[in-house]
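*Asks:* Given chain E, put chains P and X in place with the hints provided.
This is what each chain is made of:
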Amino acid sequence: MKNKILLFLSVIFLSFCFIVLYKGLDNSNIYTPKDISKKTLNKFVSREFFSEDMINSEEIFFGNKFYILNIWASWCLPCREEHPALMKLSKKQSVKLIGLNYKDDIKNAKKFIDKFGNPYSIIITDVNGTISIGLGAYGIPETFVLDENKKILKKYIGPLNDQSIKEINLLLK
Amino acid sequence: MKILKSFLIITIFIILTKFSLAEEKNSELLKIKISKNIRCLICQGQSVYDSQSDFSLSMKLVIEKKIEEGLKEEEIYEFLINQYGQWISYNPEFNRKTFVLWALPVVLFLIGGVIIFRKLIVLK
Amino acid sequence: MLASQIGYYSLILSLFFGILIIPISIKNFNNVSQKIDTRIISISFLQFFFVAISFFGLIFSFVNSDFTNETVFNNSHTTKPLFYKISGTWGNHEGSLLLWLLVLTLFIFLFLIKSIKEPKKYRIITLLFQETIIIGFCLFIIKTSSPFNYLFPEPTEGLGLNPILQDPALAIHPPILYLGYVGSSIIFSASLAALTQNYISKNWAKHIKFWILISWFFLTLGIMIGSIWAYYELGWGGFWFWDPVENVSLMPWFCLTALLHCILVLEKKLFYSSWILILSIATFILSMSGTFLVRSGILNSVHTFANDPERGIFILIFLFVLIFISLIIFFTFNKDVHQQSIKISLLSKETSILVNNWFMMYFLSVVLIGTVYPIFLEVLSSQKISVGPPFYHKLIIPFLIPFLIFMSIGPNLNWIKSPIKKIKIQFFLIFLISILTSFLITKKFGNINLLNTILIIVSFYLFFITIKDFFSKENINFSQKISHFGFSLLILSILLNSIFSSEIITNLKVGEKIYFNKTTILFESIENTNSKNYKSIVGNFKIEDNKNNLTKLKPEIRVYDYPFTITSEADIKTNLYSDKFLVMNIVKGNEYFNIRYQVKPFMIWIWISTLLISIGGIFSLFRRLHEK
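Chains as they are written, first to last, in this note's numbering: chain E, 76 to 248; chain P, 60 to 183; chain X, 399 to 1026.
This is chain E alone, in the form it adopts within the complex (with noise of 0.2 angstroms):
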């Protein structure tokens, strides 16, 4: 009797452990923070690109209706291919963009404004990476998308495709 209790008992288990796993199996492992979206942009300081000053991030999330922070590089391939979808982006009045500059060298990444073209509002830079760490962010390419209360929308983690461009156009609205 105690046998066939410990058989049935274990059989429920192992069933519970097969659903699992069979579960697991679809999970994707790359981790997308959830609850990221509802918070607030932290503050930082950092160098504006072209003058070398430095500049609080409440200067820069002034007077927008919505903002998008754009992590870039000059050697950051990726990069290159979001580009003219930021291009675009820029010449929407409602929203400003900002260019994160990240780890790169000043040279490098004025001929690349120079060749591609400069979609931002405004450029910073990171040098060493650790402005970037202090927002949450995880490498580059990175967008984040705001409101007026540098409220974080929506972050896209890699380059930008269609998708996440018709998305932004909607919040944009």
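Hints are computed from structural coordinates only; laboratory data are not their basis.
Do not rely on the hints blindly, as some may be mistaken.
Cβ-to-Cβ under 10 angstroms is the rule here; a few derived chain P residues that face chain X [claimed, not checked]: (1) Leu-89; (2) Asp-109; (3) Ile-147.
In silico lysine to any residue, SDA-like type, Cα no more than 25 angstroms apart, as pairs [stated by the list, open to error]: (4) X/Lys-792 to X/Trp-756; (5) X/Lys-871 to X/Leu-827; (6) X/Lys-733 to E/Leu-82; (7) X/Lys-433 to X/Ile-422; (8) X/Lys-911 to X/Lys-952; (9) X/Lys-515 to X/Leu-668; (10) E/Lys-79 to P/Ile-170; (11) E/Lys-178 to P/Ile-101; (12) E/Lys-229 to P/Ile-101; (13) X/Lys-747 to P/Lys-124; (14) X/Lys-986 to P/Gln-103; (15) E/Lys-114 to P/Arg-155; (16) E/Lys-98 to X/Lys-782; (17) X/Lys-978 to X/Ile-626; (18) E/Lys-77 to X/Trp-756; (19) X/Lys-733 to X/Leu-526; (20) P/Lys-178 to E/Lys-226; (21) X/Lys-978 to X/Glu-967; (22) X/Lys-842 to X/Lys-916; (23) X/Lys-607 to X/Lys-782; (24) P/Lys-92 to P/Lys-124; (25) E/Lys-226 to P/Glu-134.
Just a few of them, taken from the derived set where beta-carbon distance is under 7 angstroms, the chain P residues facing chain X [stated by the list, open to error]: (26) Asn-96; (27) Arg-98; (28) Gln-111.
No experiment lies behind these values; they were computed from the predicted model shown.
Using N, Cα and C, we set each Cβ at its ideal position, and we do this for glycine too.
*Replies:* Okay, now just chains P and X, sitting in the frame of chain E:
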């Protein structure tokens, strides 16, 4: 007798562990210690200490800065977990969701102890 | 191309033989003859033989850089050195599965030859269970992971092998590990067979002990080689990271060690046969689960193979089929009759073995739960957590203390019981010596917290006790002496190494020097050289300590072409007392190099002690063969 002794020993040591985990005073060593406990988020299963990726190098600088600012070890973990979620810390926090993780092995140990104890008592 | 075709058809052929052997065995089972049909042994040999041919077919494809073979294309390159072309065969998912099959078929053949004196029916049922596993794997390989997929048109060049895998230790690590890991399959099959035939007895224990020892020996060695590789190759001075794939090899080891200890008792007298069966079944089930966890992509790890959902589902179903078969057989055939008649006195060797099992199962549960819990949590609550070294250290280290104490006292209980005062004094005296030694160490180096101090005391206690055993006139078997001594040395080396290691990380450019712990580190120069498939930058460093001892270290940075990877090769100078470890990394856009210098005491003792533990096992094998 032996089993009772072992229960006693184990309880004492679990309590001792809570009080014996020394605080790292040296800031360089503290940076190393923290970076071993933080996951490199763009790598496949490496800690920030073990990785040379951009993310890890920047992370190490951030940890160093936070130590300089005077934050304690626990506060630095809190800051990073706040930014990136629990996934970044290799030390799972003890809460309602992870309570089974921490408690189950010990519970199994105690059950095992009881089973053995009863077998021995019965046969004595 | 021909080699791949031969490989593919050999594999099919071996599947055919595997299926063929079943009706012949069943027929032999039912007939009156006491002898096993020699045809069965021949067919099992053919099954192994054709898997071997298939395996060699794959090796030849790699050696010839036959890129019409998809596996070769994905994992090799014409400029790879020959040695790594060969070892690359099993450095990938498909090839390593073929290695799995090779070991599975080898072990059943060897089992049939070696078990001549065993009952025929038992041998046949073992064969049938093993064939279930073999056929399952064969189908898995052919259907989802064939190493012989054809690519057309032939690519001119392959994608190359990850440079990290191009290392001698990594070349021998899978074969040795698999001999242990996969070898536990025969213990599984034989135990289930013995259960159905009601053959669990002292004779069976003597016979199965051989297979347990073989599996345990190779598993211990395999894990050790994996750690050695990680230490020398991965570049950061660690040798164990509690990475899921490492954990997966450690879990069967706990089971096997517990099983080994139990079987030693069963050899001499009746012991908890149900529990022994559970351990035998669990060991292989853990191996299979490990294969699932590692190859299905469900876990995030440095070591994971490329994954594919179809493969994951196949292994998962296969695994649970095996589990359910074992469950049904166990509950159908297991008799509790024996349990009542086992009498154990409280302070006896048998109790010590039970305590050993108790702790082994605890350590196993910590590693198992730590490894799979994140999966369960994510499925049930969509929350992702990481379980790493802090978790394992917090749960394992405190329990090591009572474990080491029991390990010191347990094997010697017969003598503790004895009324002779001299022996009790001996034990107490050794305890005092341990405290003294630990006190001296703490005094000299200072700054050791309470937990570590107690750990040092009990580790020394076990260490001295096991040394005393070498001189003792008592009837302790030699293999136990070596293995237990080896284990005490292992714990001691790991402990002292982790407490007394020191490290500095800094950026230096050529010509600079830095002071660290009474030593000077001078970055003399760099040299650029070219090798077969990489370019290298070698740094020349001079380490001088305050006694004017000079050490030269030459860490290297390698830039591989195919695939484009940059690796850092540490330079390690080893001696009996400590290792000096130096690794160098490029700092982007700079003439500076980031260097990490570590002094790691007693590193080599960690490897020596693990080797001693395995040697103890081999001694036990030789003793048995000698006795015969």
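*Asks:* So, against the hints stated earlier in the document, which numbers end up violated here?
*Replies:* 1, 13, 20 and 23
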